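Peer 1: The primary structure of each chain is shown beneath.
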Amino acid sequence: MKNSYVSALTESILAGDSVETVLASLRELMTKRGHLRLYSQVLKAATRVLEAKLKSSAPQVVMAKVDGVAREKILTALKLIGAKDDSFAEAVDPTLVGGFTARVGDTFYDASYKRVLLKLYRQVTS
Amino acid sequence: MSTAIIERIKKEIESLDTTAKPEEVGVVVSVGDGIAEIEGLTKAQMMEMVSFDTSLGATVGATMKQSTELFGLVLNLEEDTVKVVILGESNLVREGMQVRRTGRLLSVPVGEDIVGRVVNALGEAIDGKGVIAAKKNMPIERVAYGVMDRSSVNEPIHTGIKAIDSMIPIGRGQRELIIGDRGTGKTTIAIDTIINQKYEPKEKRPICIYVAIGQKRSKTASIMAKLEEAGALEYTTIVATSAAEPSPMLFLAPFAGMAIGEYFMEQGKDVVIVLDDLSKHAVAYRQMSLLLRRPPGREAYPGDIFYLHSRLLERSAKLSKELGGGSITALPIIETQEGDVSAYIPTNVISITDGQIFLEGDLFNKGIRPALNVGISVSRVGSSAQTKAMKKVAGKIRLELAQFRELEAFMQFASDLDEDTKSRIESGRKYVELLKQKQNNPMPFYKQVISIYGANTGLFDNTTPDKVSAIEAAFLGFIERDRKEIMDTIETGRELTDEVVEKLNTAIADFKEANAEYYTAVVK
Chain A
1 MKNSYVSALT ESILAGDSVE TVLASLRELM TKRGHLRLYS QVLKAATRVL EAKLKSSAPQ
61 VVMAKVDGVA REKILTALKL IGAKDDSFAE AVDPTLVGGF TARVGDTFYD ASYKRVLLKL
121 YRQVTS
Chain B
1001 MSTAIIERIK KEIESLDTTA KPEEVGVVVS VGDGIAEIEG LTKAQMMEMV SFDTSLGATV
1061 GATMKQSTEL FGLVLNLEED TVKVVILGES NLVREGMQVR RTGRLLSVPV GEDIVGRVVN
1121 ALGEAIDGKG VIAAKKNMPI ERVAYGVMDR SSVNEPIHTG IKAIDSMIPI GRGQRELIIG
1181 DRGTGKTTIA IDTIINQKYE PKEKRPICIY VAIGQKRSKT ASIMAKLEEA GALEYTTIVA
1241 TSAAEPSPML FLAPFAGMAI GEYFMEQGKD VVIVLDDLSK HAVAYRQMSL LLRRPPGREA
1301 YPGDIFYLHS RLLERSAKLS KELGGGSITA LPIIETQEGD VSAYIPTNVI SITDGQIFLE
1361 GDLFNKGIRP ALNVGISVSR VGSSAQTKAM KKVAGKIRLE LAQFRELEAF MQFASDLDED
1421 TKSRIESGRK YVELLKQKQN NPMPFYKQVI SIYGANTGLF DNTTPDKVSA IEAAFLGFIE
1481 RDRKEIMDTI ETGRELTDEV VEKLNTAIAD FKEANAEYYT AVVK
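Protein sequences appear in the order of chains A and B. Counted from 1, the first sequence has number 14 at position 14 by the numbering used here; the numbering is strictly sequential. Counted from 1, the second sequence has number 1434 at position 434 by the numbering used here; the numbering is strictly sequential.
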């Protein structure tokens, strides 16, 4: 039941309906059916689904420092993991030491120095 | 830092594959009770290992401090998410954490070096003797060998326990259940069986695997010490999971043990695997299934509890000659409550196995140890594997005990019984005494044959049941000392030829003549 509400809500929002209107209608419907206690769970799940959809459409790249990696390298990696265009969101994570990580939807590309260093450490200590 | 370490690191750097590859990832959406729900991982497979990215946002140094990589095992594939059991410290897993697919089904590292070691359910050494050099990774779950790949069970596995080897013989490749209440000697029978393998010739000696499922650590430690003391650890591997470990580890332990066994079986070797015990395994699986929100069935066990045990025990097999002729003999253990063998899990496992050894608390308390109830214990395939020598002597013991059990109820009216009934009861009591054995004192099969043959041919005539044990020990000592060739012939030939029978008859007569003091008190 919860899943049906979630899919109805996300489909309506993705179709371009006003979020306020959709939520008000949903609340009214759930109250009528006596399912209001599921409301918060439905919202949480719908947020997750929408976030996932947004993530899959927007490639994300994390680097150890700003402009730390050549743009060509990043674009090649993004192409490899299924990015449709050259635009991507950038973030900085100094714990990566060097290199970058890229993510498009559920596909991840880890070209950071941190991964290599950890791999080396585990290989040496095993 | 020594140059050796530097050289090692240099070598590792040279062989290090630094290329990055696209990986499928998911995100933890909820975590609790050792179970994580992960969104994404749409291509994950059942029983696949996934790796939790505990390094996200942490420095390289901080990540290095974590003992090992944290893995999970995919056990539920749902519409939008997968549910994973965490194989390690579940408190390190957080909501929002990234999880990567490894593409590997859960497997354990195996190799010859694993023999003599104590490992956990993931095959990692826990005995402090260093890392085990693995030759291969064996999948924990795999389909059992088919009918055409197997041959019939035709070689015996000797437990060293007279009552079992004579009346409930076990063959290599058989699955024989050991069932009984708490504290009736189930583990003792299994351990004695392992210890007894030292009497087997080295080339025929099976590799033994003892799987402790949710046992107290002290019990596992004492079993290890017993095996070491008896010189049995050198051909034994212990897969140990304690009651304090999370239920997924207990669930995996027998599968890991079986995977180790299969490695040796595929090399043409024989393996004995003790699963101690499957009742705790069922409880661990129930706990895990309930946490995974699988629907509960009878006694809250999940609906596939029978399938769980059948697919585990079906992997015990005797392979055909073309596949090397190796075998896995499984000795699963089930703990009953108040002797109730008709409970859910006991009946399941009874129907899966090829026979059961039933131990009774009442017999144990009467001092009959092993407390075997020979009436309801059975071996369905083992008789064809029994040695000719044992087959020849065991027929009478079964008959004598069956008659004794029928007449046992009349024992309290002893004075009113006729002479024939009295002598049958007396003979039955002597056989019961003969079958008693001390803990961790298994007897090689050739000695068993001599003892039982003696009992069948009048060695204990004209004596009382309380002297049976002493006479048996003295007689075996006499044979070992003065007529060693009889033992050697039975051990190598594995049958009782006319010549051996003649020699044994002479030996019995000579022994009785030389030890008249045992035969003075005659009870009629």
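Calculated from the structure, these hints are not laboratory results. Keep in mind it's a predicted model, so treat the numbers as computed, not measured. Be aware that one or more of the hints could be misleading.
Stretch by stretch, here's where chain B covers chain A in the computed footprint (C-beta under 8 Å, at least three residues) [to be verified]:
| # | region |
| --- | --- |
| 1 | 69 to 75 |
| 2 | 93 to 99 |
| 3 | 116 to 124 |
Ideal placement from N, C-alpha and C gives every residue a C-beta, glycine not left out.
Peer 1: If a hint holds in the structure, say so; if it doesn't, say that too.
Peer 2: Do the hints match the structure? See the list:
1. 69 to 75: n = 0 at 8 Å, threshold three: violated.
2. 93 to 99: holds (count 3)
3. 116 to 124: Since three or more residues must qualify, the claim that chain B covers the region 116 to 124 of chain A holds, with 9 doing so at under 8 Å.
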